[in-house]
Each structure stands twice: as C-alpha cells, then as structure tokens.
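Undergrad: So you can see what is in the structure, the chains are spelled out below.
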Amino acid sequence: LAKTTQPISMDSYEGQEVNITCSHNNIATNDYITWYQQFPSQGPRFIIQGYKTKVTNEVASLFIPADRKSSTLSLPRVSLSDTAVYYCLVGDMGLTGGGNKLTFGTGTQLKVEL
Amino acid sequence: DAMVIQNPRYQVTQFGKPVTLSCSQTLNHNVMYWYQQKSSQAPKLLFHYYDKDFNNEADTPDNFQSRRPNTSFCFLDIRSPGLGDAAMYLCATSRESREDPRYEQYFGPGTRLTVT
Numbered sequence: 001l002a003k004t005t006q007p008i009s010m011d012s013y014e015g016q017e018v019n020i021t022c023s024h025n026n027i028a029t030n031d032y033i034t035w036y037q038q039f040p041s042q043g044p045r046f047i048i049q050g051y052k053t054k055v056t057n058e059v060a061s062l063f064i065p066a067d068r069k070s071s072t073l074s075l076p077r078v079s080l081s082d083t084a085v086y087y088c089l090v091g092d093m094g095l096t097g098g099g100n101k102l103t104f105g106t107g108t109q110l111k112v113e114l
Numbered sequence: 115d116a117m118v119i120q121n122p123r124y125q126v127t128q129f130g131k132p133v134t135l136s137c138s139q140t141l142n143h144n145v146m147y148w149y150q151q152k153s154s155q156a157p158k159l160l161f162h163y164y165d166k167d168f169n170n171e172a173d174t175p176d177n178f179q180s181r182r183p184n185t186s187f188c189f190l191d192i193r194s195p196g197l198g199d200a201a202m203y204l205c206a207t208s209r210e211s212r213e214d215p216r217y218e219q220y221f222g223p224g225t226r227l228t229v230t
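Here the protein sequences line up with chains A and B, keeping their order.
The first sequence: position 1 = 1 (the numbering used here), numbered continuously.
The second sequence: position 9 = 123 (the numbering used here), numbered continuously.
There's no promise every hint is true.
[Unchecked claim] Just a few of them, taken from the derived set where beta-carbon distance is under 8 Å, the chain B residues facing chain A: (1) Ala172; (2) Pro175; (3) Ala200.
[Said to hold, decoys possible] One-sided excerpt, in silico: chain B residues whose CB lies under 10 Å from chain A: (4) Val118; (5) Pro157; (6) Arg226.
I should point out that these hints are in silico values taken from the structure, not numbers from a laboratory.
Quantities reported herein were computed from a predicted structural model and do not represent experimental measurements.
The beta-carbon is built from N, C-alpha and C at its ideal position, and this holds for glycine as well.
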C-alpha cells in the first residue's frame with residue numbers, strides 16, 4: 001500500500017474554501033485515492049474517491065494531477081461542522097478478492113472557526 | 115436505513131477479564147473489518163472477514179480474535195485485556211465486487227473500551 005503524507009493540522013474560517021493536499025509518491029497503477037472524514041467519537045465516513053483528473057460530489061472535490069503523486073481535497077465554504085480529521089488513503093482496486101484493506105495515515109486535523 | 119451497528123457503545127472491563135464486542139450490519143456487505151483506534155491516533159486494522167474467510171494482520175496480537183457466525187454479525191473477542199488495549203474499536207463493512215473495483219467502507223460508531 002502506498003504511503004501518504006498530509007499536513008497534521010490546518011485552520012480555517014467559516015465560508016472559506018479549504019484545500020488539503022496529500023502526497024503519495026509511490027502510488028501504484030491500480031490504486032485509487034480515497035478521503036475519509038472523522039468526527040470525535042465517531043467512525044470515519046467516506047467523502048470522495050478518485051483515480052485521475054477531477055471528481056466532484058455534493059460534499060467535496062478531489063483534484064488529481066496527471067502523475068497522480070499527489071491529490072488535493074477541496075472543501076468549499078467550510079462551516080464549523082466541518083471541523084474534523086481528514087484522512088487520505090491510497091489502495092488498490094481489490095482485484096485479489098481478499099478485501100480492501102485501508103491503511104490510515106496520520107490525517108489532517110481541520111479546525112474551522114467563526 | 116441500512117447501517118453498521120456496534121454494541122455496546124461503551125464497555126468497561128477489568129484487567130485480564132475476557133470481553134466481547136459486537137457488530138451487526140444491515141447492508142448485506144460481504145466484507146467486515148475490525149479496527150483499533152487509540153486516542154489521537156489513526157485507526158489501525160486488526161483483521162477482516164472476506165465472506166467466511168478470516169484475514170489476520172501480521173501485527174495483530176494473539177489476544178485479539180474474531181468470529182463471524184453469519185453475514186450480518188461479527189464479534190471481536192479480547193481474551194485477556196491489558197491496560198494498553200483501552201481504545202475505540204471500530205467495525206466497518208464493504209461490498210467487494212470484481213465488477214465494481216471502487217470500494218467504500220462503512221464504519222459503525224465504535225465501542226470505547228476502558229480497562230480498569
């Protein structure tokens with residue numbers, strides 16, 4: 001599994017756009033990039049997943065450059081409720097049929113203030 | 115709503131006294147996972163079941179075992195809890211399919227284990 005590196009913490013204010021970048025230099029051809037969000041005392045929650053270029057859903061956007069060695073999670077107009085830890089994970093497509101094991105990195109603690 | 119349920123949410127056990135944590139799911143997913151998350155750390159995978167096949171992580175202590183009697187339920191057994199086993203234990207599920215290679219794990223709310 002490719003190792004990921006992301007900032008330990010970030011601070012923002014309500015209404016701002018937040019971009020969290022993750023480095024994954026050893027990403028393999030079959031690897032997808034997935035982001036999870038975790039609030040205190042809750043299990044992680046899937047946010048978005050992508051393979052290349054740009055992916056957008058109702059919550060966030062994910063930008064992946066052509067070399068796929070990094071990715072950026074973009075949260076538009078954050079609010080206080082977006083304060084959480086955000087994990088970037090990289091893993092293969094599970095074609096081996098053995099289950100898709102997630103290896104969590106340190107994550108980024110996002111703090112949103114008024 | 116389909117979901118992953120963990121009981122109890124909070125569990126207190128004594129040092130060395132066996133404890134079992136339970137997880138159930140209504141998603142009909144074929145894969146179930148157990149993670150351990152200690153304070154201010156990322157979740158760490160202990161083991162997972164792919165259908166009935168058990169897959170243990172190499173560094174998971176023998177003190178931790180698991181059972182999956184059917185598709186919906188999975189149990190985490192800690193045979194002799196130590197103080198270092200105090201943590202949040204997270205259960206997760208996913209549906210793995212060769213037709214759809216993307217994957218998403220659905221996590222339960224976790225069980226916070228305290229060892230006294």
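Undergrad: Next, verify each hint and record whether it holds.
TA: Hint-by-hint comparison with the structure:
1. Ala172: violated, 12 Å
2. Pro175: Check failed: Cβ of B:Pro175 comes no nearer than 18 Å to chain A, outside 8 Å.
3. Ala200: Check failed: Cβ of B:Ala200 comes no nearer than 14 Å to chain A, outside 8 Å.
4. Val118: holds, 8 Å
5. Pro157: At 5 Å from the nearest chain A Cβ, B:Pro157 passes the 10 Å test, so the hint holds.
6. Arg226: Nearest chain A Cβ about 7 Å off; hint holds.
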